[in-house]
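**Student:** Chain residues, written in single-letter form:
There are 2 protein chains.
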Amino acid sequence: MSFDRLIAKIKETGNPSVVGLDAKLDYVPEYLIQRFQEEDGASLQTAARAIFAFNKAIIDEIYDIVPAIKPQSAYYEMYGYYGMKTLAETISYAKLKGMFVITDGKRNDIGATMQAYTSAHLGSVKIGDNEIEPFGADALTVNGYLGTDGIKPLLDVCNSRDKGIFVLVKTSNPSSGELQDKLIDGEPLYARMGDLCETWGADLIGEYGYSAVGAVVGATYPEQLKELRARLPHTFFLVPGYGAQGGGAEGVASAFDANGLGAIVNSSRAIMCAYQKENCDPREFAKAARREAIRMRDDITSYIKIK
Amino acid sequence: MSFDRLIAKIKETGNPSVVGLDAKLDYVPEYLIQRFQEEDGASLQTAARAIFAFNKAIIDEIYDIVPAIKPQSAYYEMYGYYGMKTLAETISYAKLKGMFVITDGKRNDIGATMQAYTSAHLGSVKIGDNEIEPFGADALTVNGYLGTDGIKPLLDVCNSRDKGIFVLVKTSNPSSGELQDKLIDGEPLYARMGDLCETWGADLIGEYGYSAVGAVVGATYPEQLKELRARLPHTFFLVPGYGAQGGGAEGVASAFDANGLGAIVNSSRAIMCAYQKENCDPREFAKAARREAIRMRDDITSYIKIK
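Line order of the protein sequences matches chains A and B. First residue of the first sequence: 95, per my numbering; consecutive thereafter. First residue of the second sequence: 95, per my numbering; consecutive thereafter.
None of these hints come from the bench; they were simulated from the model. Fair warning: this is a prediction, and the values are worked out from it, not measured in the lab. Warning: the hint list may mix true and false statements.
A pair holds if it fits inside one copy or across any two, identical chains being indistinguishable in the list.
[To be verified] Listed next, the in silico DSS-like pairs over lysine-lysine satisfying Cα-Cα at most 30 Å (straight line):
| id | residue 1 | residue 2 |
| --- | --- | --- |
| 1 | Lys381 | Lys220 |
| 2 | Lys320 | Lys276 |
| 3 | Lys103 | Lys191 |
| 4 | Lys276 | Lys246 |
| 5 | Lys220 | Lys191 |
| 6 | Lys118 | Lys189 |
| 7 | Lys276 | Lys103 |
| 8 | Lys246 | Lys150 |
| 9 | Lys276 | Lys371 |
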């Protein structure tokens, strides 16, 4: 009913980072694609199977040093329902290895429909006498533009199944300010969205002081990161934009509290494509991912101390 | 590159309404579920197959009198990747019957990831020498909270493949005002989002004066519907909330222009579950859906005249 499970994993690994598993087929080494293409031709199924093999190898190399993965739904939907099968299998495999899984779907809708998204990604559906978890992640990113009744079904499942959500507050992209920075009664829209996170999570606070309602705040806006950390004491942050998008570890440090907790920093491409940057044997892609995950951990923890 | 194809279908059928195909298993008659349960047990596959059979029968009964369907992604994701297969099959079948398909996914993300959602739902992916459309809808609903760079990839595909998008402006749910009604420089956030729709669509205007960038505006807020119709002359409206959520045809009429164009009104549950309300033989569910679709068309067109 809070982010305690995630925080415990962060403390255990001494690593407040999450690996974004957002594999486009371009990221997957050619030899791996060929293996499946021989069986299924140049098809969505081939793409989906190659991506699962890629994800699985990376999970096998990082699960002991990284607390969580964040698969981005878009990159699975891109390969149709075979891609969604790979999403389900990736989530399932990472959980089996003890990792915390955040599905990055930025879902949003009115209450009744949000209930369906909640069942899909964090809950279960009942079919006949069976109760089945369709995707079964530990947490889901969501968009709060529709207000409280679009968030309410998620809070129920956070409470009953020990799950979490991350609400988009201040996103990492260049145009995030177009709407999010606009002033409402003298304060930016993102701050108001942040305040709603505190309200929504008020009854779901765990032993570290953080609720089950987190916020997405981009590493590319370190000023806002600092301001929001002070403003939202019970809101755990998911911080995208480190590395590839230009956010540095020093700026990211302001997302954390005095105990080195309160945030988890995402890196996707830099880890998945570390083998390309290293220019090593493509068959070493998972080991290269591990090396980059260690480099990132050490970079961030040179600025913060987890107590 | 605009909503001309949709408008042509609306004129052809004399019907500015869209049927939301958002089937929960509860909506599907028991005899249909049983047929698949005998083969696959109480599984996600059974649910997904029963829902496709349900959708297909409804499409067969309405394709000649209704211009479009709007499958809501949440209700397919709820049945895992088998559900997503049903989404793809439903879209494909409706297009085969000449219907316009709006996938209601309310997707949103930063630019690079939005490109993946665009490829998934409106575009194609390249695998080896093959170019494959994963879901292939005609239009997609999206959430604009991230600003222009999260919308840009969609505009490219609207232009190159004659597709459309609907941006959430003023949603139909009770708490939509929590953020959307807040004033920014004296004007509500939803009006500012609406203005962005006009900007985003400026280079994609078709022969009826409407661009490829539409807006979602709820039937439950007729005042705002009227205000936005006047304010956004090139923005085509998708209007949810008619019927079940309490929006009436008289209020909905203000979504239309002087030619009876400019909007399409959604009904989901009232049509899918018409057989329950009629209390007719469940085997007549598709015929009951047709009767309700005709009733809805006549209700709306008693207030507007399509020229």
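**Student:** Please go over all the hints and tell whether each is borne out by the structure.
**Tutor:** Here is what the structure says about each hint:
For the identical chains of this complex, Lys381 and Lys220 are inter-copy neighbours only, at 28 Å across copies versus 41 Å inside a copy, given an alpha-carbon limit of 30 Å. Both within a single protomer and between protomers do Lys320 and Lys276 lie at most 30 Å apart by alpha-carbon distance, with minima of 18 Å and 25 Å respectively. Taking the closest pair of Cα atoms, Lys103 and Lys191 come within 30 Å of each other only inside a single copy of the chain (12 Å); across copies the shortest separation is 52 Å, beyond that limit. When the C-alpha separation of Lys276 and Lys246 is checked against a cutoff of 30 Å, the pair qualifies both within a copy, at 26 Å, and between copies, at 21 Å.
Taking CA atoms no more than 30 Å apart as the test, Lys220 paired with Lys191 passes inside one copy only; the shortest distance there is 27 Å, against 32 Å between copies. Taking the closest pair of Cα atoms, Lys118 and Lys189 come within 30 Å of each other both inside a single copy (22 Å) and across two copies (28 Å). Taking CA atoms no more than 30 Å apart as the test, Lys276 paired with Lys103 passes in neither setting, with 37 Å inside one copy and 39 Å between copies. Taking the shortest Cα distances, Lys246 and Lys150 never come within 30 Å of each other, neither inside one copy (34 Å) nor across copies (33 Å).
Taking the closest pair of Cα atoms, Lys276 and Lys371 never come within 30 Å of each other, the shortest separation being 39 Å inside a single copy and 46 Å across copies.
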